[in-house]
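All chains should be built: construct the whole structure from the sequences, respecting the hints.
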Amino acid sequence: MTGGRQPISPDSDLVRRLVAKDEGAFLELVDRYHAGLLRFVTSFVRSPAAAEEVVQDTWKAFIEGIEHFEQRASLKTFLYRIAANRARTRAVRDHRTPTLSDLEHEGDEASPLIDRFGTAGNWLAPPTPWVAETADAILERKQAMEVLARAIEQLPEQQRAVVQLRDVEGLASDEVCEMLGISEVHQRVLLHRARTRLRAALEGHFSG
Amino acid sequence: MLSCREITELATAYTERALPFTERIRFWVHLSMCKHCRRYVKQLRLTIDATGQVMFPLPKPSPQTQAALLRTFQNWKKGPGKPPSP
Numbered sequence: 090m091t092g093g094r095q096p097i098s099p100d101s102d103l104v105r106r107l108v109a110k111d112e113g114a115f116l117e118l119v120d121r122y123h124a125g126l127l128r129f130v131t132s133f134v135r136s137p138a139a140a141e142e143v144v145q146d147t148w149k150a151f152i153e154g155i156e157h158f159e160q161r162a163s164l165k166t167f168l169y170r171i172a173a174n175r176a177r178t179r180a181v182r183d184h185r186t187p188t189l190s191d192l193e194h195e196g197d198e199a200s201p202l203i204d205r206f207g208t209a210g211n212w213l214a215p216p217t218p219w220v221a222e223t224a225d226a227i228l229e230r231k232q233a234m235e236v237l238a239r240a241i242e243q244l245p246e247q248q249r250a251v252v253q254l255r256d257v258e259g260l261a262s263d264e265v266c267e268m269l270g271i272s273e274v275h276q277r278v279l280l281h282r283a284r285t286r287l288r289a290a291l292e293g294h295f296s297g
Numbered sequence: 005m006l007s008c009r010e011i012t013e014l015a016t017a018y019t020e021r022a023l024p025f026t027e028r029i030r031f032w033v034h035l036s037m038c039k040h041c042r043r044y045v046k047q048l049r050l051t052i053d054a055t056g057q058v059m060f061p062l063p064k065p066s067p068q069t070q071a072a073l074l075r076t077f078q079n080w081k082k083g084p085g086k087p088p089s090p
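If you read the protein sequences in the order shown, they are chains E and S.
If you're matching positions, the first sequence starts at 90 in this note's numbering and goes up one per residue.
If you're matching positions, the second sequence starts at 5 in this note's numbering and goes up one per residue.
Some hints here could point you the wrong way.
[What the hints assert, rightly or not] Simulated crosslink set (BS3-like; lysine-lysine; CA at most 27 Å straight-line):
#1 Lys-64/S - Lys-82/S
#2 Lys-110/E - Lys-81/S
#3 Lys-165/E - Lys-64/S
#4 Lys-149/E - Lys-46/S
#5 Lys-110/E - Lys-149/E
#6 Lys-110/E - Lys-39/S
#7 Lys-165/E - Lys-39/S
#8 Lys-110/E - Lys-165/E
#9 Lys-149/E - Lys-165/E
#10 Lys-81/S - Lys-231/E
#11 Lys-149/E - Lys-82/S
#12 Lys-81/S - Lys-64/S
#13 Lys-231/E - Lys-82/S
#14 Lys-46/S - Lys-110/E
#15 Lys-81/S - Lys-149/E
#16 Lys-46/S - Lys-231/E
[What the hints assert, rightly or not] Sample of chain S residues with no beta-carbon within 10 Å of chain E, all distances over it, derived:
#17 Phe-25
#18 Arg-30
#19 Phe-31
#20 Trp-32
#21 Ser-36
#22 Leu-50
#23 Pro-63
#24 Pro-67
[Stated by the list, open to error] In silico contact screen, one side only, chain E against chain S (beta carbon under 10 Å); selected entries:
#25 Ser-136
#26 His-157
#27 Asp-256
#28 His-281
Simulated from the structure, these hints should not be mistaken for lab results.
Predicted model, so just to flag it, every value in this text is computed and none were measured.
Glycine residues also receive a C-beta, built at the ideal position from the N, C-alpha and C atoms.
Have a look at this one:
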């Protein structure tokens, strides 16, 4: 390697060290993924204590299964898959819905765009231009990113789970469907509703 | 001809490449003629990109959690077998 100092070990190095039972590697992975897993799991189990237990179980299952991890999927996928299984099992135990399969929970929620079209479906109030016209320009605006983070936290839990896995963690849609036990179409509906809301949140910020 | 409202409804299927071919063509045709919908789709993509960069507060696991995880790790490291001596 000629790339010089690399401050963050890639997951694959950490896995190799973990298989060799290196405690530092384990703690580094915990630092890297614990908070995200916790956020994800709260889409299934409501109490923070239960969520914490589920994530601890996830880590236990993770190290116990690490030797079977074949790196065909990413480490992140492997971890989130374990977490999703545990969280769904726990949800059943707590008499909550184990899958996100129940769209009725959210009903026909009003679209943020509801007032924006005329009777022919044409724009009455078209989208206004944003001061930040590139992703980088948005990133530089701390307030806009805070608005976005808050909007994600405020999504209904099913939508939040899908957005976290797809758009925050960057997992593929088929992986996400499998983890959440939902169909492609259902996943897309949730993603669509979520992204529509998030765009509206940014629009509100930029035009407000 | 798709309406603007329909464009916004199909936008995720479009960005997810889940539209059947003919629908995709109709979507393109509309976009080529409608700057408002072009802007809408662009903003939707920007939102997706920005979402991937959101930094959530990263609370470290609590000391209790850390301790519990370390115990789990050390038990695993010791490996199975050897029951605790009486």
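The hints, checked one at a time:
Only pairs whose Cα atoms come within 27 Å are accepted, and Lys-64/S paired with Lys-82/S is accepted, the gap being roughly 26 Å. A hinted pair counts as satisfied when its Cα atoms are at most 27 Å apart, and Lys-110/E with Lys-81/S qualifies at roughly 6 Å. The suggested pairing of Lys-165/E with Lys-64/S holds, with an alpha-carbon distance near 18 Å, which does not exceed 27 Å. Distance hint between Lys-149/E and Lys-46/S is unfulfilled; the C-alpha atoms sit about 43 Å from each other, more than 27 Å.
With a CA separation close to 13 Å, the supplied pair Lys-110/E and Lys-149/E stays within the 27 Å bound. For a cut-off of 27 Å, the pair hint linking Lys-110/E to Lys-39/S is broken: about 57 Å separates their Cα positions. Between the alpha carbons of Lys-165/E and Lys-39/S the distance comes to roughly 39 Å, so the proposed pair goes past 27 Å and is violated. Restraint check: the Cα-Cα separation between Lys-110/E and Lys-165/E comes to about 19 Å, which is no more than 27 Å; the hinted pair holds.
For the hint linking Lys-149/E to Lys-165/E, the alpha-carbon distance of about 15 Å falls within 27 Å, and the restraint holds. Restraint check for Lys-81/S and Lys-231/E: the C-alpha separation of about 43 Å exceeds 27 Å, so the hint is violated. For the hint pairing Lys-149/E with Lys-82/S, the CA-to-CA distance comes to about 14 Å; that is within 27 Å, so the pair holds. Restraint check for Lys-81/S and Lys-64/S: the C-alpha separation of about 23 Å stays at or below 27 Å, so the hint holds.
At roughly 46 Å between alpha-carbon atoms, Lys-231/E and Lys-82/S are farther apart than 27 Å, so this suggested pair is violated. Distance restraint check for Lys-46/S and Lys-110/E: the Cα-Cα separation of roughly 47 Å exceeds the 27 Å cut-off, and the hinted pair is therefore not satisfied. Proximity of Lys-81/S to Lys-149/E is assessed by CA-CA distance (about 12 Å); at most 27 Å being required, the pair is judged to hold. As the CA atoms of Lys-46/S and Lys-231/E are separated by approximately 21 Å, the hinted pair is consistent with the 27 Å bound.
Phe-25/S, annotated as away from the interface, keeps every beta carbon of chain E farther than 10 Å; the closest lies near 17 Å. For Arg-30/S, the shortest C-beta to C-beta distance to chain E comes to about 14 Å, beyond the 10 Å cut-off, and the non-interface label holds. Taking the minimum C-beta to C-beta distance to chain E, about 14 Å, the non-interface status of Phe-31/S holds against the 10 Å cut. Distance to chain E confirms Trp-32/S as a non-interface residue, since its nearest Cβ pair spans about 18 Å, more than 10 Å.
For Ser-36/S, the condition that its CB be more than 10 Å from all CB atoms of chain E holds, with the nearest at approximately 16 Å. Residue-level check failed: Leu-50/S sits 6 Å from the nearest beta carbon of chain E, not beyond 10 Å. Annotated as non-interface, Pro-63/S brings its C-beta within 10 Å of a C-beta of chain E; the closest such distance is 6 Å. The claim that Pro-67/S lies off the interface holds: its Cβ sits roughly 13 Å from the closest Cβ of chain E, which is beyond the 10 Å cut-off.
Here the hint on Ser-136/E is broken, as its CB sits about 15 Å from the closest CB of chain S, past 10 Å. Hint on His-157/E is violated. Least Cβ distance to chain S is approximately 14 Å, over the 10 Å limit. With a least beta-carbon distance of about 4 Å to chain S, the hint placing Asp-256/E at the interface is held under the 10 Å criterion. A least Cβ separation of about 4 Å between His-281/E and chain S falls short of the 10 Å threshold, and the interface hint therefore holds.
Taken one by one, the earlier hints fail for this structure at numbers 4, 6, 7, 10, 13, 14, 22, 23, 25, 26, listed in ascending order.
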